[in-house]
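A.B. asks: Here the protein sequences line up with chains A and B, keeping their order.
So for the first sequence, the numbering used here puts the first residue at 35; every next one is plus one.
So for the second sequence, the numbering used here puts the first residue at 236; every next one is plus one.
Hints were generated in silico from the structure; no laboratory data involved.
Note that this is a predicted model, so its numbers are computed, not measured.
Please note that a few of the clues may not be correct.
Below 16 angstroms or equal to it, Euclidean Cα-Cα: the simulated EDC-like pairs (lysine to aspartate or glutamate) are [to be verified]:
no. : chain 1 : residue 1 : chain 2 : residue 2
1   : B       : 323       : B       : 259
2   : B       : 353       : A       : 91
3   : A       : 146       : A       : 179
4   : A       : 57        : A       : 126
5   : B       : 353       : A       : 94
6   : B       : 353       : A       : 95
7   : A       : 57        : A       : 68
8   : B       : 323       : B       : 262
9   : B       : 353       : A       : 93
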Amino acid sequence: MIGPGIVRPFDTLAFVGGVQGVKTFENSDGTSFDAVRLFNATGVALTAGRPYIVGYDGDEETNPFVFVAVAALAFPVWQVIAVNATPVAAWDWFGYRGIMPVVAILGTTGIKDDHFHLSAAAPTGLTEAAGQPARTLATIGVLTETANPAGNYRFNLYGERAQVAA
Amino acid sequence: MPRAQYDHPETFDDQAFAKRAGFERWENYPAVNGQMLPRKLKFLYNGTGGALTPGNVYQMIYDGDVGLNPAVQAVATQTIALPLCVAKDATPAASFGWFVTEGYCEALCDGNAVDCDKDDYLTGINAQAFFRQEAAATVRTAKTVAIYADPTAETDATPSTRLVYLLGYPVTV
Chain A
35 MIGPGIVRPF
45 DTLAFVGGVQ
55 GVKTFENSDG
65 TSFDAVRLFN
75 ATGVALTAGR
85 PYIVGYDGDE
95 ETNPFVFVAV
105 AALAFPVWQV
115 IAVNATPVAA
125 WDWFGYRGIM
135 PVVAILGTTG
145 IKDDHFHLSA
155 AAPTGLTEAA
165 GQPARTLATI
175 GVLTETANPA
185 GNYRFNLYGE
195 RAQVAA
Chain B
236 MPRAQYDHPE
246 TFDDQAFAKR
256 AGFERWENYP
266 AVNGQMLPRK
276 LKFLYNGTGG
286 ALTPGNVYQM
296 IYDGDVGLNP
306 AVQAVATQTI
316 ALPLCVAKDA
326 TPAASFGWFV
336 TEGYCEALCD
346 GNAVDCDKDD
356 YLTGINAQAF
366 FRQEAAATVR
376 TAKTVAIYAD
386 PTAETDATPS
396 TRLVYLLGYP
406 VTV
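Please build the complete structure, drawing on both the sequences and the hints.
C.D. replies: Put into structure tokens, the structure is as follows:
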């Protein structure tokens, strides 16, 4: 997303206040993640830390939005993580790059540095597939810790689009 | 990442900023539906060989010559994903100009064979300067580049500029 001669859209919160497009959240340990503001079109309240797919709508009032993965996608799409328990049909922040807590479905290894992806068969969290730590076209982040009593594991999200696994 | 209607990216004065090749910025602009909507602009070289028409669709390419890079060309069939963009201004041949690469804009749409209706996904077409409805209007594919956002459907054989939302990432054609 960022290349030579390109500047990032900066956080306009300090300029206009209220709702705006992209901002950086700081974690208590000094790490951070970037988040984008999207509409909850799932029809239900969201779960913080759960992954969703970015979708598009012709109505400005509900575009762009998030929805739950229901099928594998063979082309890359933006995937984001809910920062909050967003109510139905409301706007909120969703992380897409950097270090943030994510619901994880650990496999038999579940160790730091393994890559995770969103699977349509288990959309409630990021899944550790067999064969990780090799990165694939579907992986969107890497696990940064082996255990977390709080339940949501810290991931380092790439900030790139990815396919959705079956 | 995508931006929503309620975003308020800072609006820049073109003249106050150096127009550098590949420079990107977000701005709000007054769309045809009367709302202020966000769009991302990129400063690109016109490598088509002719003057550009605002609202026409082009394909972003790269060149080893720093004076010609990054550039736009006429949309061509691609098996690898390349970004498509929409001309903001009537950029003369062989000069740099602003192009919309993401967000809302008025782009040329074709409704000749199949109508373009609100919420239809759109694709680029080989050797054409307009968007056309996806093979299945509501199914995203690797070719999906935009979604039709105009309240007026595009239904005839004469392409017209209509409000669309560019997804902002590379696609195949």
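A.B. asks: Which numbered hints turn out to be false for this structure?
C.D. replies: none
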